[in-house]
Structures are given as structure tokens and as C-alpha cells.
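Participant: Those protein sequences? They're chains A and B, same order as listed. Residue numbers for the first sequence follow full-length UniProt numbering, beginning at 1 and rising by one. Residue numbers for the second sequence follow full-length UniProt numbering, beginning at 1 and rising by one.
Just to be clear, a hint being listed does not mean it is correct.
Claimed, not checked - So the derived label-pair ranges between C-beta atoms look like this:
1. G126/B x T124/A: 30 to 36 angstroms
2. T124/A x D54/B: 22 to 28 angstroms
3. D18/B x N147/A: 51 to 57 angstroms
4. I27/A x S36/B: 23 to 29 angstroms
5. P209/B x T124/A: 33 to 39 angstroms
6. M184/A x D83/B: 37 to 43 angstroms
Worth flagging that the hints you see were computed from the coordinates, not collected in a lab. Ideal Cβ positions, reconstructed from N, Cα and C, are used throughout, including at glycine.
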Amino acid sequence: MHYVSEILPSLISGTGMTLSIFFWTIIISIPLGILVGLGMLTKFKPLTWVINIYVWLMRGTPLLLQLIFVFYGLPIIGVVFPRYEAALFAFILNYTAYFAEIFRGGLQAIPVGQYESARVLRLTNWQTLRKIVIPQVVKIVLPSIGNEVINLVKDSSLVYVIGLGDLLRAGNVAMARDVTLLPMVLVAVIYLLLTAVCTLVLRRLEKHYSYWR
Amino acid sequence: MLELKNISKKFDGKVILDNVNLTVKDGQILTIVGPSGAGKTTLLRCISGLAPVDGGQFLLDGKAFDPATNRDNDSVIGVVFQDFQLFPNLTVLQNVTLAPTMVLKKDAQAVTTEARNLLKRLNLDGKADLYPYELSGGQKQRVAIVRALAMHPKLLCYDEPTSALDPDLRHEVEQIILNLKQEGMTQIVVTHDIPFAENIADQMLRVEPKQN
Numbered sequence: 001m002h003y004v005s006e007i008l009p010s011l012i013s014g015t016g017m018t019l020s021i022f023f024w025t026i027i028i029s030i031p032l033g034i035l036v037g038l039g040m041l042t043k044f045k046p047l048t049w050v051i052n053i054y055v056w057l058m059r060g061t062p063l064l065l066q067l068i069f070v071f072y073g074l075p076i077i078g079v080v081f082p083r084y085e086a087a088l089f090a091f092i093l094n095y096t097a098y099f100a101e102i103f104r105g106g107l108q109a110i111p112v113g114q115y116e117s118a119r120v121l122r123l124t125n126w127q128t129l130r131k132i133v134i135p136q137v138v139k140i141v142l143p144s145i146g147n148e149v150i151n152l153v154k155d156s157s158l159v160y161v162i163g164l165g166d167l168l169r170a171g172n173v174a175m176a177r178d179v180t181l182l183p184m185v186l187v188a189v190i191y192l193l194l195t196a197v198c199t200l201v202l203r204r205l206e207k208h209y210s211y212w213r
Numbered sequence: 001m002l003e004l005k006n007i008s009k010k011f012d013g014k015v016i017l018d019n020v021n022l023t024v025k026d027g028q029i030l031t032i033v034g035p036s037g038a039g040k041t042t043l044l045r046c047i048s049g050l051a052p053v054d055g056g057q058f059l060l061d062g063k064a065f066d067p068a069t070n071r072d073n074d075s076v077i078g079v080v081f082q083d084f085q086l087f088p089n090l091t092v093l094q095n096v097t098l099a100p101t102m103v104l105k106k107d108a109q110a111v112t113t114e115a116r117n118l119l120k121r122l123n124l125d126g127k128a129d130l131y132p133y134e135l136s137g138g139q140k141q142r143v144a145i146v147r148a149l150a151m152h153p154k155l156l157c158y159d160e161p162t163s164a165l166d167p168d169l170r171h172e173v174e175q176i177i178l179n180l181k182q183e184g185m186t187q188i189v190v191t192h193d194i195p196f197a198e199n200i201a202d203q204m205l206r207v208e209p210k211q212n
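Whole structure, please, built from the sequences with the hints as guidance.
Facilitator: Written out as C-alpha cells, the structure reads:
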């Protein structure tokens, strides 16, 4: 117990970094994902090509590799990010691609008839989007978004590769120093707590939207 | 009175509607019948503004109008879709009141009162706060009719109103359409169900597939 209270402060400060990456990625990637998802559905071909290549690159290569490229690769062409910003940039790029795919699917799942029905009632495009399309899309995408959110909690551990002090790294340091697995057990417990909170929040949200089918 | 003059419509160079001329007098029922693929639904989509026409003219009470761009605050055409297309995320009442409050900018209280009266008249008492998934097919259709009526259209269009219903509900739809006629509603009904069409029609239009 004494040992636990000794290493807990460093683990908690590592958790701070993990949460900071997590929240900023969510806050920025979801709105960006909506925009990119809408972009995939436009009739302007050059835009959809660019987006498709971007999504292909982001989903087709490991996030770990993308982190390395952003932090060690981009300086070669003169773009230098500090560690934290590099990590955030890579995460946002990666997760926006996934969210965009989810929103594209959600938008395409709305039957054309819903738009036509709104049109003959002479609702404007904006009214149709706000009152009919968005509420339906949110309900459709929620489970998939939830999956990505849970993944993100754990993916954030990849930032160790560019030397950021997150939760996993804090545990790693303690494990190497004290030659015991106990810090890693604590790390696992903290990750489980974080994902449990996410799961609960997502359940709540899904339940909130379960009043219609 | 709605008049169509030389309305034509093509899809990828294929002629679907070739110089259609017709007149629907106020308070009358026009049925459009014909085999699948003859362009019945296309004609209805043109009249309701969902598909632009390639030629011809629409006249409403003698004045030219374009259903595809007509978006002022004077509602003209209501549509009851084959699969109803109620909004699943809204209650029955919200389905009905959404457009009158947002588009016609009517007072919410007045719109709600009117919607409840309309629901009652179409035998949907007590369904106002249900969601569409809780309704039967016939109930959904009646909600779709109420939703269209709440916009006070000059003309109400139905696309295959009997196709998604049990056979014994056909008579009920007939009754609703004939009751609305009594109240002076002008109606256009697209159907492949000839006996049904004959029972309600003041005027029947047969469309045949174009050979080309």
C-alpha cells in the first residue's frame, strides 16, 4: 500500500496527459469529422478524391507510424511541431478520418424519402437538417462513435513513442526503476476506470435516444 | 383548378412523359392509373415539384406556376407518399405541427389545436404523443394525410395509397378520400388498383409506357 501511494502521483500526472490528448482529440475531431463526412457526399469530384485519399492514408497506416512521421518526418520539410502538439495533430488527423467515415455512413442511411417529405412540406434545407436529418444521424452513429471513443482512450498510449509522459509511460518508468509489475497493474486499473466512465456516458446517451426507432 | 399543358419529362434521353395534358377541377378527384413503369409516379413527382419537367406548363387557377421552385408562403400541393415517410424522431403531433409552425410561422398553440382536431377527425384520437414506430400501417397513412392537410394545400396527391396496406383497409382509404372530397379538397391519386381508382374517380387518366 505504501508503494502504491508512492507511485500514484506520477501515474495520476500521466493520466492528466492521457486525458488531455483524449479530450482535445474528441473536441476537435468530431466536428471536423462531420465536415469531412459531408465533404465526401458532395458532387464536387476533386474534393471527394482528396478526402478519399486522406481517409485511405489515415486508416491504411498505423497511428504509431503517423505519430513518427508527424514528429520526426515533418521537420525535414520545415514543419516543426513541439512534442505535445505533434501528438495532438497526428491524433486529430487520424481520428477525423474515422469519424468522417462514420458520419458519411450515417448521413447515407437517411432515406431520400425523408428529404422529399420535408421538401413537399416546404421546410428549408437548414430546417430539414436540424429537425430531421441530424437527430436521426446522431442516433445512427452513436454506437460507432462510442467504439472510437473507447479506442482513443487506449490509443493515446502511443504517444510514448515521441517521448510524451502519459499514463503508460509513467507506469513503464516505475516498472523499470523498481523492477515490479505492480505499476502496470495500476495502469491497467486506471485505463479500465477511464473506459468504464466512457462506456457509462455512452450508454446514457444511447438510452436518451431510444425513445424512438 | 390545376391544368397541365404539354408536360414532358425525360430521364437520360428516355421519354417518360410525352406532352401530358390534363385538368383537375376544384373539389374533384383525378386518378392516374397504368402499369408499372408507365410514368404515373413520375407525373406525380412533377406535379408535386420533386422532379423538374423538361417542357410544358402548369397553371393553377389560370395562373402559371412552377411546382419545383414554388416556395412562397402559399401552400399549393400536399403529398402522401407510398411509404408515408413520417419523421421517425418526432411524435405524431410533432410530425403534423412541424411545417405549419416552421414554414408558415403560425402560432404554436393554434397549430396544435388544429392538429389535434384533424387527428381526431381521421380517427387518430389518443395517438398524438406516440412515435411513428408505434403505429400500424393504416394509422401511419392517416398521420401522413393529416400532416399534409395541416399545411392547407389546394391539392392533395397520393402515391399508391393502397399498396402498403392490408386489402381490407382499402375501403377505409376510399372513405377518407371521399370524405375529403365532400369537404371540397381537390385530389390526385396515383394507383395501379383499377377497382379502387374507379370507386373514387371523377376522372381517370391512363398512362401507358412510351415506346422508344
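Participant: Against each hint, give a clear statement of whether it holds in the structure.
Facilitator: Hint check results:
1. Separation of G126/B from T124/A is about 32 angstroms and conforms to the stated range, judged on CB atoms against 30 to 36 angstroms.
2. The supplied range of 22 to 28 angstroms is met by T124/A and D54/B, whose beta-carbon atoms lie about 26 angstroms from each other.
3. For the pair D18/B and N147/A, the beta carbons lie near 53 angstroms from each other, so the given range of 51 to 57 angstroms is met.
4. At about 51 angstroms, the CB distance of I27/A to S36/B disagrees with the hint of 23 to 29 angstroms.
5. Range check, P209/B to T124/A: Cβ separation about 37 angstroms, and the 33 to 39 angstroms hint holds.
6. Hint check: M184/A to D83/B, Cβ distance near 56 angstroms, so the stated range 37 to 43 angstroms is violated.
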